[in-house]
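K.L.:
If you want the building blocks of each chain, they are given just below.
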Amino acid sequence: MKTEFKNVVIFLGPLLILPALFVIWPLIELMVLSLKHKVILFEIDRWAGLENYQYLLGKDARFWGALGNTLYFTVCSVGLELVLGLMFALYLRFGKESAWIKVILLLPWAIPNVVSARLWQWMLHPEVGIINHVLLTLGWINEPVLWLSDPTLALNAAILADIWKTTPLITLLLFAGLQRIPETILSAAKVDRTPPVRFLFYILLPQLNPMLMTAMILRGLDAFRVFDVIYVMTGGGPANSTETLSIYAYRTYFQSLQFGYGSSIALTQVILMLAMTWIIMNAFSSKWDRS
Amino acid sequence: MTRALHAGFYGVILLWSLWPFIWQWVTSVKVPSNISRIPPLLPEHLSAANYSAIFSNETFIRVIWNSIAVGLGATAISLVVGAMGAYGISRLLERGRRWIMLSLLVVLMLPQVSVVTPLYRIVDLMGWGDTLWSLIAVYSIFSVPLVVWVMYQAYEEIPETLHRAARVDGSSEWTIFTRVYLPLGIPGLVSSGLLSLIFCWNEFLFALTFTSSYKARTIPVGISLFSGQYDFPWGEITAASSLVTFPIILIVIFSQKYLVRGLVGSGVKG
Amino acid sequence: MGRIDVKNLCMEYNQKRVLDRLDLEVLHGEFLVVLGESGCGKSTLLNLIAGLREPFSGQILFDQRDVTRLDVQSRNVAFVFQDYALYPHMTVEQNIRFPLENLKLNRREIDHKCDGILTRLRLNDFRNQYPNQLSGGQKQRVAIGRAMVRDPFVFLFDEPLSSLDPHLRDHLRLELKQLHKELKKTFIYVTHDQLSAMVLGDRVAFMDDGKIQQIGPPLQLYRSPANIRIARFFGFPPVNVLTATDFERLSGKPAPDSKMKFCIRPENLECRADSKGCFEVQWIQQMGAANFVYISVGKQTICGLGKGSLHKNQKVSCNFKSENLMIF
Chain A
1 MKTEFKNVVI FLGPLLILPA LFVIWPLIEL MVLSLKHKVI LFEIDRWAGL
51 ENYQYLLGKD ARFWGALGNT LYFTVCSVGL ELVLGLMFAL YLRFGKESAW
101 IKVILLLPWA IPNVVSARLW QWMLHPEVGI INHVLLTLGW INEPVLWLSD
151 PTLALNAAIL ADIWKTTPLI TLLLFAGLQR IPETILSAAK VDRTPPVRFL
201 FYILLPQLNP MLMTAMILRG LDAFRVFDVI YVMTGGGPAN STETLSIYAY
251 RTYFQSLQFG YGSSIALTQV ILMLAMTWII MNAFSSKWDR S
Chain B
1 MTRALHAGFY GVILLWSLWP FIWQWVTSVK VPSNISRIPP LLPEHLSAAN
51 YSAIFSNETF IRVIWNSIAV GLGATAISLV VGAMGAYGIS RLLERGRRWI
101 MLSLLVVLML PQVSVVTPLY RIVDLMGWGD TLWSLIAVYS IFSVPLVVWV
151 MYQAYEEIPE TLHRAARVDG SSEWTIFTRV YLPLGIPGLV SSGLLSLIFC
201 WNEFLFALTF TSSYKARTIP VGISLFSGQY DFPWGEITAA SSLVTFPIIL
251 IVIFSQKYLV RGLVGSGVKG
Chain C
1 MGRIDVKNLC MEYNQKRVLD RLDLEVLHGE FLVVLGESGC GKSTLLNLIA
51 GLREPFSGQI LFDQRDVTRL DVQSRNVAFV FQDYALYPHM TVEQNIRFPL
101 ENLKLNRREI DHKCDGILTR LRLNDFRNQY PNQLSGGQKQ RVAIGRAMVR
151 DPFVFLFDEP LSSLDPHLRD HLRLELKQLH KELKKTFIYV THDQLSAMVL
201 GDRVAFMDDG KIQQIGPPLQ LYRSPANIRI ARFFGFPPVN VLTATDFERL
251 SGKPAPDSKM KFCIRPENLE CRADSKGCFE VQWIQQMGAA NFVYISVGKQ
301 TICGLGKGSL HKNQKVSCNF KSENLMIF
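Chains as they are written, first to last, in our numbering: chain A, 1 to 291; chain B, 1 to 270; chain C, 1 to 328.
Source of the hints: derived by calculation from the structure; they are not laboratory data. Note that this is a predicted model, so its numbers are computed, not measured. Glycine included, every Cβ here is placed at the ideal spot set by N, Cα and C. Be careful, since some hints might not be right.
In silico lysine-lysine, BS3-like type, Cα no more than 30 Å apart, as pairs [said to hold, decoys possible]: (1) C:Lys185 x A:Lys6; (2) A:Lys96 x B:Lys215; (3) C:Lys185 x C:Lys139.
Listed next, the stretches of chain B that the computed footprint assigns to chain A, with coverage defined by at least 3 CB atoms under 8 Å from CB atoms of chain A [unchecked claim]: (4) 157 to 168; (5) 235 to 244.
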């Protein structure tokens, strides 16, 4: 028994100590900070109780705006990515598959977010961007579109960049999921002369469900914390129209140096994230039943 | 007919995925004065001016070097800690596996911005401000869960009888780990190592906040900080981007199999 | 010596009792087969004897020495797994060397012992091959070689033949029996396959409900089983179980006790063509060496050995010797 315990300590010790030190402790500190008024610049540092949260949830329109932007970004990008990814994956599975298409699909996923953001910023450049150029040449628009400086368009442009970067990943995940469906089930459906639409909704999707759920949760959580793409492309502007929770927290920390209030925003974001995960996992727990 | 359809579909996927890369490269080889003009769409002649501008810039080379050092260092640490941890979870624990795996997933999915200031304080306390160590330490923490997820999957695929057989053969857990599980888990190690490298190569927020000079800045920060008087220096940005994408293209081409396996493997079992 | 005594052994998983005050004596050098349905606790028993798990209570003695609290490394047992559990990344030779390297013996001694085993098991030609290049028989020999090399106190087998095709299984059974004769070691072999038990075992222990229900030579379990479950477990086609009324219908004699069950094995129930017979052939199962016929007795269908040429719907009469009757 003693040796067993010793082994557990040796193998699991580092794994459990490192996150404890660098994740749990910071989270506790975050909680403490969020209950304070702390502004480095003016050397303000005093207890605030729940005042930060009262303001945040009650009066801070900018917070609600950021939350709205975050949700809009998450729902649109993940939704479109799943639909597009499923289409691509179905094509690869039942149309034509090849090894090099996987290489091509992996490329956008593998490059840094910053690089892809700059790349899209360049392609969406109002005067010399390739996208405006093509649209003008085709005659679809009459004057250059201000993709990133028009508050109604900027967030959608960021969503476009995100879709470009992560649809391939979803495609690969769903493709792998489709490949795992036993061939016998597909043959049985063929023998039963299942029409294509029924085949998709009654055979493929239920079988693919665990993979769809995984892709949705992982991508959803990733989109909910989006920072890089937006920070680089628009910095949260114009007029806060692309400000997400991560960006708002970052700006509160590092631009207005309000560490207490920034922590309240960040902690609220973490709690929302955990709640979302919990709800999704519970809502689908019967289908999620794998250990 | 179907062949034309397939060609068409493939064409769409190709154009969609590759066009931004091509355009980035096309821009990077234009003469700097021609960049802010369109048309011409394509450069009249290839110019290396943007690339030489980058290479004459010492900070950029420093930044690439920083990224490599941080990536390798953090990946090495997270592979050691992660492979051992995954072995412990998979073979030594009877209860609490699900709990540990889920908490690791939470760490993996935590918004970086939420821990950035407390971590900054820790880094500062350790005297690691504006050094590569700060990034190596923080990246290890966040890529360990990734490694554990992939390696746990790999170890679960090894028949449990091998573990019992090795115990009967008189091996200690350490011998079983180093001589049986580690060698059999090599594909998983390659997968998770690559995923970790790509994560470190791409991470932005920590790199941005923990560094204040080119002593420790990494590629994403370097690229985000290019600036000019009126507009961004697009020629240099696209040249730099092309350069840092190049090794990634190589990695993806040569290790596509491992990457897909790692991504899918860590995703399949929730 | 290689005597093992298991006394009063109890084991629980998740508050479910798997072994219930189990007693077992294994004699030196015998080939003992532990037979039982899957989930009866026989694999647990094997893991406890090996020391891979610790029992809830009870004792395990190796030659009167209490090893109950010793872990697997200090017991010196050999274990052959269902899938053989050869290390796939090691060659045959490396697989066999592995346990010796764990003992930290010097190189020359390892070489010497390893060569001895390879020659003895006719594995010399394959020494540099990997497990996935070997046939089923070679894998079994490597697994046994890896177990033998430490000169273990006892060999434990966890259904190693159950997943193989029947021809190979026959062949490997023979080889295993041969090896047991050569090695003169104690073998404990766990299986759910009654045929393996009959062929291999010097003695068979039938396990059910976490206890040994009966132990003895295979034929003893076959001919005079201790209870109805054991009777049902052996033989194909399975034994006929009759109520007292059906028994009276079949034999035409009064049953000695109306509450008992009456069992008769198909091969001991002779069915002959007889125009005055009171039973009718429902269908016939051709087995090559023998024909089994199925007849209705009361509401039950029972099986007997067909004598002479028979066809469907033919009238037959049935006979059996009273010494073959088993009453529970």
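K.L.:
Take the hints in turn and mark each one as holding or not.
P.N.:
Tested hints:
1. C:Lys185 x A:Lys6: Given pair Lys185 (chain C), Lys6 (chain A) is violated - Cα atoms ~35 Å apart, limit 30 Å.
2. A:Lys96 x B:Lys215: violated, 49 Å
3. C:Lys185 x C:Lys139: holds, 20 Å
4. 157 to 168: This one is violated; 0 residues, fewer than the three required, reach chain A with a Cβ under 8 Å.
5. 235 to 244: holds (count 4)
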